[in-house]
Amino acid sequence: MDDAATAGLLTQVLARYAQLIQAERRGGSDPRRLDELLAQQRACVQDRARLPEADAEEVARLAALYAARLKELQDS
Numbered sequence: 357m358d359d360a361a362t363a364g365l366l367t368q369v370l371a372r373y374a375q376l377i378q379a380e381r382r383g384g385s386d387p388r389r390l391d392e393l394l395a396q397q398r399a400c401v402q403d404r405a406r407l408p409e410a411d412a413e414e415v416a417r418l419a420a421l422y423a424a425r426l427k428e429l430q431d432s
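When we follow my numbering, the leftmost residue of the sequence shown carries the number 357, and every step to the right adds one.
It should be emphasised that the hints constitute simulated quantities derived from the structure, not laboratory data.
A hint or two may mislead.
As the list claims (entries may be wrong) - Simulated DEER-style distance windows between Cβ atoms:
1) A405 - Q378: 16 to 24 Å
2) D386 - M357: 29 to 37 Å
3) G384 - A360: 20 to 28 Å
4) A361 - S385: 29 to 37 Å
5) M357 - S385: 30 to 38 Å
6) E413 - R381: 32 to 40 Å
Remember, it's a predicted structure, so these values are computed and weren't measured experimentally.
Note that CB positions come from ideal geometry on N, CA and C, so glycine has one too.
Generate the whole structure from the sequences, applying the supplied hints.
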């Protein structure tokens with residue numbers, strides 16, 4: 357997967373985090389779950405920011421990580 361495709365994948369993950377965070381805030385549910393989602397969202401933002409400087413191996417690692425994460429988030 358190239359940089360642009362990986363960046364698109366990270367954008368999809370960030371959008372899903374935004375949806376889940378909004379739902380948690382509206383639902384007033386478990387504050388630990390909200391904290392967990394916010395921390396994961398921050399990590400994703402950091403990974404996306406360093407993507408332009410990442411080598412091919414790191415891009416592939418991030419692509420695999422976030423493809424799995426997106427599937428996990430979509431199933432939740």
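Quick rundown of the hints versus the structure:
no.: 1; hint: A405 - Q378: 16 to 24 Å; verdict: holds, 22 Å
no.: 2; hint: D386 - M357: 29 to 37 Å; verdict: holds, 34 Å
no.: 3; hint: G384 - A360: 20 to 28 Å; verdict: violated, 38 Å
no.: 4; hint: A361 - S385: 29 to 37 Å; verdict: holds, 34 Å
no.: 5; hint: M357 - S385: 30 to 38 Å; verdict: holds, 34 Å
no.: 6; hint: E413 - R381: 32 to 40 Å; verdict: holds, 37 Å
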